[in-house]
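Fit chain B to the supplied structure of chain A, relying on the hints for placement.
First to last, the protein sequences are chains A and B.
Note that the numbering used here has the first sequence beginning at 1, numbered continuously upward.
Note that the numbering used here has the second sequence beginning at 1, numbered continuously upward.
Among the hints, erroneous ones may be present.
Stated by the list, open to error - Computed cross-link-like contacts, BS3-like style, restricted to lysine-lysine with a CA-CA straight-line distance of at most 30 Å:
| id | chain 1 | residue 1 | chain 2 | residue 2 |
| --- | --- | --- | --- | --- |
| 1 | B | Lys125 | A | Lys275 |
| 2 | B | Lys46 | A | Lys90 |
| 3 | B | Lys72 | A | Lys128 |
| 4 | B | Lys72 | A | Lys338 |
| 5 | B | Lys125 | A | Lys128 |
| 6 | B | Lys125 | A | Lys235 |
| 7 | B | Lys90 | A | Lys260 |
| 8 | B | Lys125 | A | Lys170 |
| 9 | B | Lys102 | A | Lys90 |
| 10 | B | Lys72 | A | Lys170 |
| 11 | B | Lys143 | A | Lys235 |
| 12 | B | Lys102 | A | Lys339 |
| 13 | A | Lys128 | B | Lys10 |
| 14 | A | Lys338 | B | Lys10 |
| 15 | B | Lys102 | A | Lys338 |
| 16 | A | Lys170 | B | Lys10 |
| 17 | A | Lys345 | B | Lys90 |
| 18 | A | Lys276 | B | Lys10 |
| 19 | A | Lys31 | A | Lys143 |
| 20 | B | Lys46 | A | Lys110 |
| 21 | B | Lys46 | A | Lys143 |
| 22 | B | Lys154 | A | Lys128 |
| 23 | B | Lys125 | A | Lys260 |
| 24 | B | Lys10 | A | Lys339 |
| 25 | A | Lys345 | B | Lys46 |
Think of the hints as simulated: they come from the structure by calculation, not from any bench.
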Amino acid sequence: MAERLQRLDMILGTYSPEKYKILEKNLSRPKNEIIKDLIDSGLKGRGGAGFLTGLKWKYAAMAEGEQKFVICNADEGEPGTFKDREILSKVPRKVLSGMGICAYVIGANKGYIYLRGEYKFLVPQLQKEIDEFHVYCDIHNLKFRVEIFLGSGAYVCGEETALLNSIEGKRGEPRNKPPFPTNIGLFGCPTVINNVETLVSAMTVCNIGPDEFKKLGIQDSHGSKLFSISGDTPKPGIYDLEFGLSLDEFVREFGDGDTKAVQVGGASGFCVPRKKFSQTTLGFKGGLSGDNLPTGGSMMIFNSTRSMYHVLENYLEFFEEESCGQCTPCRIGCQQLKKGIDAVKRGIKPPEYLEQLLSLTETMKITAKCGLGQSVANSFSSIVENFREEMIY
Amino acid sequence: MPHTRELIDKVTGHYGANREALLPILQEIQRNEQYLSDEAMVEVAKTLDISSADVYGKATFYSFLDTIPRGKYVIRVCKTIVCDMHNKNKIIETIENLLKIKVGETTLNRKFSLLYTNCLGWCHKGPAMLINDDVYTELTPEKVRDIIREYKNKP
Numbered sequence: 001m002a003e004r005l006q007r008l009d010m011i012l013g014t015y016s017p018e019k020y021k022i023l024e025k026n027l028s029r030p031k032n033e034i035i036k037d038l039i040d041s042g043l044k045g046r047g048g049a050g051f052l053t054g055l056k057w058k059y060a061a062m063a064e065g066e067q068k069f070v071i072c073n074a075d076e077g078e079p080g081t082f083k084d085r086e087i088l089s090k091v092p093r094k095v096l097s098g099m100g101i102c103a104y105v106i107g108a109n110k111g112y113i114y115l116r117g118e119y120k121f122l123v124p125q126l127q128k129e130i131d132e133f134h135v136y137c138d139i140h141n142l143k144f145r146v147e148i149f150l151g152s153g154a155y156v157c158g159e160e161t162a163l164l165n166s167i168e169g170k171r172g173e174p175r176n177k178p179p180f181p182t183n184i185g186l187f188g189c190p191t192v193i194n195n196v197e198t199l200v201s202a203m204t205v206c207n208i209g210p211d212e213f214k215k216l217g218i219q220d221s222h223g224s225k226l227f228s229i230s231g232d233t234p235k236p237g238i239y240d241l242e243f244g245l246s247l248d249e250f251v252r253e254f255g256d257g258d259t260k261a262v263q264v265g266g267a268s269g270f271c272v273p274r275k276k277f278s279q280t281t282l283g284f285k286g287g288l289s290g291d292n293l294p295t296g297g298s299m300m301i302f303n304s305t306r307s308m309y310h311v312l313e314n315y316l317e318f319f320e321e322e323s324c325g326q327c328t329p330c331r332i333g334c335q336q337l338k339k340g341i342d343a344v345k346r347g348i349k350p351p352e353y354l355e356q357l358l359s360l361t362e363t364m365k366i367t368a369k370c371g372l373g374q375s376v377a378n379s380f381s382s383i384v385e386n387f388r389e390e391m392i393y
Numbered sequence: 001m002p003h004t005r006e007l008i009d010k011v012t013g014h015y016g017a018n019r020e021a022l023l024p025i026l027q028e029i030q031r032n033e034q035y036l037s038d039e040a041m042v043e044v045a046k047t048l049d050i051s052s053a054d055v056y057g058k059a060t061f062y063s064f065l066d067t068i069p070r071g072k073y074v075i076r077v078c079k080t081i082v083c084d085m086h087n088k089n090k091i092i093e094t095i096e097n098l099l100k101i102k103v104g105e106t107t108l109n110r111k112f113s114l115l116y117t118n119c120l121g122w123c124h125k126g127p128a129m130l131i132n133d134d135v136y137t138e139l140t141p142e143k144v145r146d147i148i149r150e151y152k153n154k155p
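Pulled out of the complex, with its shape left as it was, chain B reads as follows:
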């Protein structure tokens, strides 16, 4: 796991090899490898000298950390009440049709995952979604088609 090792070292270089570094390390691995593999979690546990169960416990607690492989671009559509009132279902339907996956699934080429998420804090501009860290608001099916096309053309 040379790559994971580098990512861990990068974060512990800033925080030190103590437990405070755990969440930042997991976030860094998630960002680069799109999920936290068993091997990566064991490696993290060894570095911080804590049990791998502890690492797993932390990893499964947060909705932005995954222990199963996700796509390079993770689409999270807000499903909380105001976005829901503003037709989030149409947005989901559009993405499902474009990517040929259902909510919770990942495309076969591991480029996209489609997930629901709870309130993103854009209720005044709903419906809203995140693609990785980027926010898209006031969505319409047309707007979503353009956005997805743009991402499909990205490497």
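Excised from the complex, chain A in its bound form:
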């Protein structure tokens, strides 16, 4: 195995021997110091968008408001992603410790874990851990309570402002940004919304310090990352790998010897064809040469028996169904893209029609209200441009 491919087990590794020790240790530290550590560590959100976690906490800490909230986003709906479920079932204490530290830093007294309805089976064991967590909060004098809020099968609710609306009892439709949730979030109060894995990584930074954390990864993408690996691979599963891995190395380890393409970042991510494996590095956009791909950790591997037309059609069907329908570019755009590739495939429209569809995705990228509609262009253009002949014949 290449060096960067070693399983790090930072995230899913064992607990410290004493319960909530790291939480306790951090509750006596100056809040500014914790924020500074997080910013120095360069930790970016692990949900896919990759915003600096330290800055998010800082803004919420600075925001005025008697009531503040911490929300753990466990609405993991991106196709090919299943790491959050694994974290919540194996190491929920680390997530809760992260939430507790965040609550202390920003001054929140209420937290939610927004759990997707598909993971309802996790509730009993998670609730048990939360009950225990509350005992430790009381012991350490942290006025903080966490509640599970269940989703009901809507991908778009993973978008942070849609998630807020969902808890508030509204349709899970994204809000306009700004204002950002760090200032005006849940019920209008300052709110930090972090992905499950981000909270664990934040806790890790608070435990080992930013310098140790930064030793892992590459420029602009520090630390380790859980990758959810599926598709045509002999060993699907969850792997804790270091950032900065080239796709070449990745495929050599996880491919089945016949890998045609890898979808990085789920249906809203990018499809990388074989010829570009060597120039692609896994990480957030950074100063390195080649393409650095932002990723929530979804890696779907396709071998040469797969039709990329069928893959794209499956994604578009997904987006069409999951679009909340609020903004026109996304609502109509997803439908038209699906109809469009079908028409080209059937020969009803000429191959050049693909260019018009590509320009439609560009329009969606700049006009759609939230990440869902904006990111359809990622998979669409990367598949159509790299596998054009499969779209036509």
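Structure of chain B alone, referenced to chain A:
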């Protein structure tokens, strides 16, 4: 609607009669009555003092909430790409043959409904399906036959 009333009261007892309780209430009714009837939605609207259109809007937004009657056991088979690659069609075919219904339909005795769903988060163990809240992974036609038989024997 004495039963619905009890369900609503149970949830508002925890959240209070405010809008934050809306999704949990709808989930509770769905779980017990297998769908959200017009009467139930009106009752919820009255309790929370919001328009019934608002309740309907919320109910139709989420794929796990239904406004038409579903079976006691709702089977949701994942159709997203990785499960699709791993022969989800065979799974669907098997269930359709066993229950004599098509995707989207409910058996006449209202025991089973068969639906498609988007990514369940079990791509590494596909194909996967949910029956109500329970997850079944790495499905094969044989495995599905056993599971369905088990549910058929349940009350």
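Distance restraint between A/Lys128 and B/Lys10, which requires alpha-carbon spacing of 30 Å or less:
This hinted pair holds, its Cα atoms lying about 21 Å apart.
Sort out whether A/Lys110 lies within 30 Å of B/Lys46, counting only the CA atoms.
28 Å, holds
Is the straight-line distance between the alpha-carbon of B/Lys46 and that of A/Lys143 30 Å or less?
Status violated; Cα separation ~35 Å.
For the pair supplied as a hint, A/Lys31 and A/Lys143, is the alpha-carbon distance within the 30 Å limit?
16 Å, holds
Taking only the CA atoms, is the gap from B/Lys102 to A/Lys90 under or equal to 30 Å?
37 Å, violated
Regarding the pair B/Lys10 and A/Lys339, is the alpha-carbon distance no greater than 30 Å?
Given that 30 Å is the threshold and the Cα spacing comes to 46 Å, the pair is violated.
Does the alpha-carbon distance linking B/Lys154 and A/Lys128 stay inside the 30 Å limit?
OK: B/Lys154 and A/Lys128 at ~29 Å, within 30 Å.
Would you mind confirming whether the straight-line C-alpha gap from B/Lys125 to A/Lys260 stays at or under 30 Å?
Roughly 21 Å separates the two Cα atoms, so the pair holds.
Is it true that the CA of B/Lys143 sits at most 30 Å from the CA of A/Lys235?
22 Å, holds
For a C-alpha distance cap of 30 Å, please report whether A/Lys170 and B/Lys10 respect it.
Within the cut-off at roughly 20 Å; holds.
Given the proposed pairing of A/Lys338 with B/Lys10, does the C-alpha separation stay at or below 30 Å?
The given pair, whose Cα atoms are some 44 Å apart, is violated under the 30 Å limit.
Has the given pair, A/Lys345 with B/Lys46, been kept, meaning a C-alpha gap of at most 30 Å?
51 Å, violated
In this structure, the hints that do not hold are numbers 2, 4, 8, 9, 14, 18, 21, 24, 25, in rising order.
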